[in-house]
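Let chain Z serve as the given structure and place chains F and B on it in line with the hints.
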Amino acid sequence: MDLNINEIIEGSFQIIGGNFANAGEASMQMKSKLMEIGVHEAIVRRAAIATFEAEMNVIIYAAAGRLHYYISPDKITIKIDDMGPGIENIELAMQEGYSTAPDWVREMGWGAGMGLPNMKKNSDEFKIDSVVGEGTTIQMIINFS
Amino acid sequence: MTLKEIAEILEAEVIADSDELDVLIKNACSADMMSAVLYYHTPDSLLITGLTQPHVIRTAEIAGIKSIVFVLDKKPGVETIELAKLKKIPILCTRFCMYTASGKLYEAGLPGCLFK
Amino acid sequence: MRGAAMKLNKIVEDLSLEVKTGKNNLQGNVTGVYISDLLSDVMANSKEGNLWITLQTHLNIVAVAGLKNIAGIIIVGNRQLQEDVLQKAEAEKITVMSTPLPAFEVAGKLYQLLNQ
Numbered sequence: 002m003d004l005n006i007n008e009i010i011e012g013s014f015q016i017i018g019g020n021f022a023n024a025g026e027a028s029m030q031m032k033s034k035l036m037e038i039g040v041h042e043a044i045v046r047r048a049a050i051a052t053f054e055a056e057m058n059v060i061i062y063a064a065a066g067r068l069h070y071y072i073s074p075d076k077i078t079i080k081i082d083d084m085g086p087g088i089e090n091i092e093l094a095m096q097e098g099y100s101t102a103p104d105w106v107r108e109m110g111w112g113a114g115m116g117l118p119n120m121k122k123n124s125d126e127f128k129i130d131s132v133v134g135e136g137t138t139i140q141m142i143i144n145f146s
Numbered sequence: 014m015t016l017k018e019i020a021e022i023l024e025a026e027v028i029a030d031s032d033e034l035d036v037l038i039k040n041a042c043s044a045d046m047m048s049a050v051l052y053y054h055t056p057d058s059l060l061i062t063g064l065t066q067p068h069v070i071r072t073a074e075i076a077g078i079k080s081i082v083f084v085l086d087k088k089p090g091v092e093t094i095e096l097a098k099l100k101k102i103p104i105l106c107t108r109f110c111m112y113t114a115s116g117k118l119y120e121a122g123l124p125g126c127l128f129k
Numbered sequence: 002m003r004g005a006a007m008k009l010n011k012i013v014e015d016l017s018l019e020v021k022t023g024k025n026n027l028q029g030n031v032t033g034v035y036i037s038d039l040l041s042d043v044m045a046n047s048k049e050g051n052l053w054i055t056l057q058t059h060l061n062i063v064a065v066a067g068l069k070n071i072a073g074i075i076i077v078g079n080r081q082l083q084e085d086v087l088q089k090a091e092a093e094k095i096t097v098m099s100t101p102l103p104a105f106e107v108a109g110k111l112y113q114l115l116n117q
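Residue numbers (this note's numbering), protein chains in the order written: chain Z, 2 to 146; chain F, 14 to 129; chain B, 2 to 117.
Bound-form chain Z, shown alone (with noise of 0.2 Å):
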C-alpha cells in the first residue's frame, strides 16, 4: 500500500468524562486523517470502531483520559489512558455481556458489554493494564497490510 507519510504522524486529544455531547469526536478526527494519507477503508474502520470504543469507556467511566495515536508507515499505535475507577478483574471484563455500566449509560446505548472485546477483535495487539483507584491504560496497534 502507497501511504502519503514520510514520517510519524500523531495526535492528541483530551476526553472529558461524562461529556456525551462531543462522544466520537477524537475517533472521527483520527479517522479522517488516516483516510486522508491513503489507509485502506476496511482497516481504517477497524481502527476507528476500536478506538470510539475506547473513547467511549473514558466518557462512560473516567473522570477524564486522554488518547494518543502515532501513524507509521506500516501501522497506527493507539494509546488510551485515564484517571478512572480501575478495572478490578480484566479478565471478566473482557467477557462479552458483562458490563459495570450505570442505567443511564445503558439507556443511551451504551453498557452492553461489548466494549472491550470490540476493541481486542478489530486490533492487532491489544495491551489492557489497570490499577483499581488509579486508572487503565489500552494500547491498540492495528497493522496496515
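Hints should not be assumed to be uniformly reliable.
Claimed, not checked - Label-pair distances were calculated between CB atoms; the ranges are:
#	chain 1	residue 1	chain 2	residue 2	range
1	F	E120	B	P101	20 to 30 Å
2	F	E18	Z	L4	32 to 42 Å
3	Z	T138	B	K8	48 to 58 Å
4	F	E92	B	L60	26 to 36 Å
5	Z	S13	B	D15	50 to 60 Å
6	F	E18	B	K8	33 to 43 Å
Unchecked claim - Partial pick of chain F residues on the chain B-facing surface, computed with a CB cut under 8 Å:
#	residue
7	Y53
8	I61
9	G63
10	M111
11	S115
12	G116
13	E120
It is worth saying that the hints were derived from the structure and are not from the lab. No residue lacks a Cβ here, since even glycine has one placed at the ideal position from N, Cα and C.
Only chains F and B this time, still in chain Z's reference frame:
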C-alpha cells in the same frame, strides 16, 4: 434497495438532500446498543434505532452506516441534524416501531447485516 | 401487529429458537412484538403478552419482562447470558429464548409469520 424506496415503504419524513436518496442500501441493522452496531459488520447498512442523540450519528460514521431510521416518530434535535448533514448521513423518521419498520423492509427484500 | 395471535411454541419451532428458561410456559399466546434494547422504552411502549426482541442481556430485563407481562424475551445475535440472569428468569417464570440471527431478521421472519 435505494433509500428512496425505503423512505416510501416506511412512509418516512426525510432529512437529507434529495440527491442523497439514490444511495444504495445493502442490508439493515435494528439496534439501540451502539456497540452492537460497531460489532456487527455494518458498512453500507441502514441503522434502525430508537435513539436520536448526536453520538448515534458518530457511531454510524465510524461504522460506515449509510443512513439512519428513527422509529416511533422520534424527532432528532438540531445538533443531531446538523451533524448528520455534515457527515452526509441521511435521516429518515418513521411513525412505525422498530418491529414494524424491520418487518416491512425485510418483506420488501432487504436482508439483515452480516455477522463476522 | 395485525393477524391472529399465535402460540409461543409455534414461534419457537418456526424460528428455531433455543429456549433457555421457562420451558413450561410456551403455551401462551403472543399478542405482538416489540424490539428495543432500552429498558425504559420497553417499560413505556411494550404491551402485555408481547414478545420482546433485544440484545440487552442485563439482569434487569427479567424484572421489566415480569412487570410488563411479556410473553417471552428473544435474545438475538448469539449474545450469551450470565448465569444470574438465567436463574432469575427461571425463578420468575420468564421465558428467555436465544437465536444467532440479528434483531432485524428475527423481526422480518416474525412479521411474515404473524401476518400470514
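_Contradicted hints - numbers only_ = none
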